[in-house]
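Chemist: Just need the whole structure built from these sequences, with the hints factored in.
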Amino acid sequence: MFVKIFILVKIIFLAFGQTIPVTEQLPDQDQKSFAGISSDKPAPASEKKTNKQIPNSNTNKNKTKKSPKNQDKKVDYTILVKGKKTVQGDKFTFSSSQIEMRGNSLPEVLNSEISLQFLWVPKQGSSLQIRGFDERNSLVIFGGIPVKEIFDGHFNLDVFRNILFEQVTFETGIPTLFYGPGTMGGIIKLNPLSGKVISRTTLSMETGNYYNQKLNDLQISAKTIQQTGNWKWMLALGYNQSNGYYLSSKFTPNEENSIFHEDGEQRAGSKSTSFSLLAAARRQVGSSGQLFAFGAFINNPREIPPFESSNYTRYWKYVDYASFFGGIRYYWQNTNNNKLFQKFSTSLYTHIHHDQINAYEDSQYQILTSDPLAWFVASAYNNKSFGNSTKLFWKLNPKHIIQLKTNYHIDLHSQREIPIPETGEDISWNPWEKYTQHGGSGILAYKYQEKNWSASWQNSFSFLQLLQQEINNTSYEVDKTPKTALESRLKLKVKLLEKINFNLKGGRKVLYPTIKELFANHVGGNPDLKPETAWMADLGFDGNGQFFPNHLWSLRFYYYDIKDMIQKYRDSFGNVGHALITGFETRSKWKFHTRILTEKLKLFFVLGYRFLYTKNLENSRSLDYRSPHRFITSLTASFNKKLKGRFEAIYTSSQVAYWYNSVGGQWERDDLPGGFLLNSYLDYKFFQGNHFNSSIYFRINNLLDINYMTGSLEPRPGRTCHVGIKGSF
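With numbering that gives the first Met the number 0 applied, the sequence shown corresponds to residues 0 to 728, in that order.
It should be emphasised that the hints constitute simulated quantities derived from the structure, not laboratory data.
Mixed in with the good hints, there may be bad ones.
[What the hints assert, rightly or not] Capping the alpha-carbon separation at 25 Å, the derived lysine-lysine pairs in BS3-like fashion look like this:
#, residue 1, residue 2
1, K390, K342
2, K316, K213
3, K529, K562
4, K482, K562
5, K599, K641
6, K450, K398
7, K433, K567
8, K494, K90
9, K342, K492
10, K213, K270
11, K498, K599
12, K490, K342
13, K490, K90
14, K492, K390
15, K433, K479
16, K479, K529
17, K482, K450
18, K390, K490
19, K529, K567
20, K433, K494
21, K398, K482
22, K614, K567
23, K482, K383
24, K122, K433
25, K394, K446
26, K498, K398
27, K492, K446
28, K498, K90
29, K383, K446
None of these values were measured; they are calculated from a predicted model.
Modeler: Put into structure tokens, the structure is as follows:
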């Protein structure tokens, strides 16, 4: 019976559309692939020929070749799926066209990936969660620079607007150790200037979020990418303003004195302004070298939705929230494959961040507080990070590869407050409270590869050392004994069948406590915290065209045993004795070409499901804000090279969170509602020429207008519609 069904389905597929040779490029509109990631690295001479697209055997040989101008219309970063190459389901790449269709910010771009989940917390903003690990346990890298807030390990990822990066890559499943400790969950890489550069300038304007007879959102952006001789460079400028988002019509106001009290309609404290500026350049140095440099400035002042603590409502606002990222990287690759030494890269980087929060008495954020229950009148952070990484690559012979990498960083954190003044006192800042720490890691990797299997081993030694603690202009003695750790990763990859790969990974990873967890005064710092340690295992299968033509699939099982997990316990941080994260996830992707009348229709269909089980074995309850089930499906379509669209459905099950009620002296449980989130995008190119293209697009998020929460008791936006116009030349 199964055989008959299989044959029938296959006949339908063949009748529905023409078969696409597996050497053809993936559809431009949704090129994300399980493998085959383009990069900044210069291709050696031996590879440049093989990177050309293999001709379609069904193509008329006498057909005139496309001109260079027509070729320029293609999206830059093509990914080839070669005939016998299977896919790898723990690494994913998104091109500029995919990023554009998915949304305006990093959370919108990646929210429909089942391994990832973005949580929203009033003060921290958008926070990342990968396979049950929160943002502290994962790493975002922007242009080679680690994105970490020195004090608490979180950073508002919503500030990364899509004009700041041309390509996104993320890796899960016990990712490489090359980026140092704190990568248990995964790694996200944002590349400002990548792939094959095609000179172009793009201008766009978007508005929407219509409510109360006005448009509440405005976005304007400009980006130019050019090539001048050996230089490839990019400039980008973006401005976003929002008067706040509106809640679902299905929202029911919270009970009185809940921690995030809300009456409905416009979300209190959700106004924001964002300004982004980026300059990046890449230069070919000789035939083997490449130099890359960039600088990015982000400013994102915003309100913080009010929250209640000990029956006191806090109205906070970021009057300043600014970051600068800058770095320079040199990469060299020996084009002579007979040489032992093959690759070398080194980079220098800096991340400078400043923010200031003011506390107010009123919901209009106008009058600074004087209430003695407030923590402060204002609070400010200054963070500076400087770092270097260097990597070497030796290919002893075709079977043996050795890599060595070193990382080093020094972090300077300063914070100060304006305390609540006593009667008759002036309002003034306290002196800066200063912390300085440095750390680094050394990684040695070895890989052995045969035709149908490969094995790799990575081992890392890391350290983190506190150098300075200064409070009220007084330096305190600190324990300068460095914290040290060993990490390891083993990976076995086997080609089981012609189109199926088997992957097995195991390893040990470490996360050091943050300055906030060690020393924070308002929320209970604990200088005796131990680093978190995770023993990890990952089992995976990947296939290409095994069951149907043009079908990619992946299945992953994972088991993570965590010792000394750091959690907020009552009024201070502590090490949870033992925690467990385990689950599985699966993905399937299909690609179809068919014809409607005389025009070609390209379809790209995705299905994915994730099951996650977490347990705090110390007190026999699940970990906070982890959704057990996530289901995603999306359909991307392109018709007549003028009309393209994307529709996605994301189901996230409810989440559970526990918090300690210091007034009642007991733990409280909160259940956060989930549901189906439907999003859509439609783009119509109304003018198409040799040198200028223009289009109009529509984006609708939360089509069903559901009420949902994720990461805190703060309700998320209801149905939101935007329209935009863009032109490129």
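Chemist: Now, for every hint given, state plainly whether the structure supports it.
Modeler: Right, here's what the structure says about each hint:
Distance check on the hinted pair: K390 and K342 sit about 8 Å apart at the alpha-carbon level, within 25 Å; holds. For the proposed pair K316 and K213, the alpha carbon gap of about 24 Å is at most 25 Å, so the pair holds. In summary, the hint linking K529 to K562 is supported, as the alpha carbons are separated by about 10 Å, within the 25 Å threshold. Of the supplied pair hints, the one linking K482 and K562 holds, its CA atoms being roughly 16 Å apart against a limit of 25 Å.
Distance restraint check for K599 and K641: the Cα-Cα separation of roughly 11 Å lies within the 25 Å cut-off, and the hinted pair is therefore satisfied. Distance check on the hinted pair: K450 and K398 sit about 9 Å apart at the alpha-carbon level, within 25 Å; holds. Annotation: proposed proximity of K433 to K567 holds, straight-line Cα distance about 23 Å (limit 25 Å). Of the pairs offered as hints, the one joining K494 and K90 holds, with about 17 Å between alpha carbons and a cut-off of 25 Å not exceeded.
Distance restraint check for K342 and K492: the Cα-Cα separation of roughly 23 Å lies within the 25 Å cut-off, and the hinted pair is therefore satisfied. A hinted pair counts as satisfied when its Cα atoms are at most 25 Å apart, and K213 with K270 qualifies at roughly 15 Å. For the given pair, K498 sits about 28 Å from K599 by alpha-carbon distance, which is inconsistent with the 25 Å threshold. Between the alpha carbons of K490 and K342 the distance comes to roughly 22 Å, so the proposed pair stays at or under 25 Å and holds.
A distance of roughly 14 Å separates the Cα atoms of K490 and K90; the hinted pair therefore holds under the 25 Å criterion. Pair hint K492 plus K390 holds up; C-alpha atoms about 24 Å apart against a cutoff of 25 Å. Of the pairs offered as hints, the one joining K433 and K479 holds, with about 15 Å between alpha carbons and a cut-off of 25 Å not exceeded. In summary, the hint linking K479 to K529 is supported, as the alpha carbons are separated by about 15 Å, within the 25 Å threshold.
About 42 Å separates the Cα atoms of K482 and K450, which puts this hinted pair outside 25 Å; it is violated. Taking the CA atoms of K390 and K490, the gap is near 20 Å; set against the 25 Å cutoff, the hint holds. With a C-alpha separation of about 14 Å, the suggested pairing of K529 with K567 holds against the 25 Å cut-off. For the suggested pair K433 and K494, the alpha carbons sit about 53 Å apart, so the restraint of at most 25 Å is broken.
A C-alpha spacing of about 36 Å is found between K398 and K482, which places the hinted pair above 25 Å, so the restraint is violated. Proposed proximity of K614 and K567 is supported: the alpha carbons are some 16 Å apart, at most 25 Å. Annotation: proposed proximity of K482 to K383 holds, straight-line Cα distance about 21 Å (limit 25 Å). Of the pairs offered as hints, the one joining K122 and K433 holds, with about 22 Å between alpha carbons and a cut-off of 25 Å not exceeded.
Only pairs whose Cα atoms come within 25 Å are accepted, and K394 paired with K446 is accepted, the gap being roughly 10 Å. With a C-alpha separation of about 22 Å, the suggested pairing of K498 with K398 holds against the 25 Å cut-off. Straight-line distance between C-alpha atoms of K492 and K446 comes to about 11 Å, which keeps the hinted pair within the 25 Å bound. Among the hinted pairs, K498 with K90 is consistent with the structure: their alpha-carbon atoms are about 18 Å apart, no more than 25 Å.
For a cut-off of 25 Å, the pair hint linking K383 to K446 is broken: about 36 Å separates their Cα positions.
Checked against the numbered hints given earlier, this structure breaks hints 11, 17, 20, 21, 29; the rest are met.
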